[in-house]
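**Q** Now for the letters of each chain:
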Amino acid sequence: EAEVAQSPRYKITEKSQAVAFWCDPISGHATLYWYRQILGQGPELLVQFQDESVVDDSQLPKDRFSAERLKGVDSTLKIQPAELGDSAMYLCASRSRTGGNTEAFFGQGTRLTVV
Amino acid sequence: QKEVEQDPGPLSVPEGAIVSLNCTYSNSAFQYFMWYRQYSRKGPELLMYTYSSGNKEDGRFTAQVDKSSKYISLFIRDSQPSDSATYLCAMSPPGGGADGLTFGKGTHLIIQP
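If you read the protein sequences in the order shown, they are chains A and B.
All residue numbers for the first sequence refer to my numbering, where the first residue is 13 and numbers rise by one.
All residue numbers for the second sequence refer to my numbering, where the first residue is 13 and numbers rise by one.
If we strip away everything but chain B, and leave its shape as in the complex, we get (with noise of 0.2 Å):
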């Protein structure tokens, strides 16, 4: 079992949806959580980045984090055809050594016009 696990999909939703994308992981010691969105052929854009449980919002873009249930959320609110992309799920543990981040595999979403 992988340390990280998200659903590669694709995800296809018609535009104005909202979009929920999650992550489960099993390493108790990852404290740091982040999204990153990824074009094809380009880096992976940070989108949201929240420390322990709760929400995080950020204009259309809502990060959910369950520490308890080691579950993560990102939730897309009207969902543009431009939001069409790979999201990664990314973590890390606390630093003061090797506090690389762990991603998920991504999951391809397709916003349709």
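Extracted from the complex, chain A is given alone in its bound form (with noise of 0.2 Å):
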């Protein structure tokens, strides 16, 4: 069965330190999306890519936080340099096209710990 792959599942980082997580939607999948889900809450769009164009990343905190999708397959999500508030699990979804009327997948997440 065709999933989203995410990697790794537990990082764990210091302070100022950088981190990035990596994601690989189902395969034909043109739309992408990177959630962050803080413990106890609904997931938080940060960023949506339809193939490697940025669509919306009106909610990306762009001083520290940058995503690329370079091939329009494939992304990775990096925070430079990572704060304690950043703690929390990093979920990407995709979907087979924008245009709303499709189901969105999501992995299995990474989950975050920043110390």
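Hints were generated in silico from the structure; no laboratory data involved.
Keep in mind that a hint or two might mislead.
Claimed, not checked - Taking CB as the label site, the calculated pair distances span: (1) B:Lys14 to A:Lys27: 41 to 51 Å; (2) B:Glu17 to A:Lys74: 43 to 53 Å; (3) B:Leu58 to A:Val127: 39 to 49 Å; (4) B:Gln92 to A:Asp75: 39 to 49 Å; (5) B:Pro93 to A:Glu95: 31 to 41 Å; (6) A:Pro93 to B:Pro26: 28 to 38 Å.
Positions of the beta carbon are idealized from the N, C-alpha and C atoms, including for glycine.
Hints in hand, dock the two standalone chains.
**A** Right, here's the structure in full:
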């Protein structure tokens, strides 16, 4: 069964260090999202890609976060420097296309702990 | 006020009971509605996906959307201990651009054996 792959599953990093997360969406899915989920909250959108282009990054803290999807397939989310408040689950989701009338599927997430 | 409101619970019910989970929303642009189940330390798993007002049934799950009231529900019949999880409602506008999902906080459901 096709699924969204994310790695690593868990990451512990020290404050002020750089950290990166990787996502491989379901094959053929043009739309890719990165979400952040703080414990006890619902996921919140960070960035949306359509193929290799950023569609929405209005909620991405651009002073420290960056995201890319160079070939329109897999994607990397980076944080530099990490802060204590960045501790959260980082989720990747994909959808076959933008246009709303398609399901969005999530990966298992990367749980980040900043110490 | 958040765009999507969902009671975080916890909601505790005995095995076999009918469970009702609800969300309200304020953005009339939302057209697509989803329910996800999330087990502890796992990613959200899509349960139900609906468009427009009405009911949709899948096994023990029924999703209901009332756009006029901006209210959506998920019903679980014959609830099982394995249904214990956090249930997230999510919704998105029509596509053609920024159409990321907006989530509720999630309701923590406990099914007591």
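**Q** Just pull the numbers of the violated hints for me, sorted ascending.
**A** Structure breaks hints 1, 2, 3, 6.
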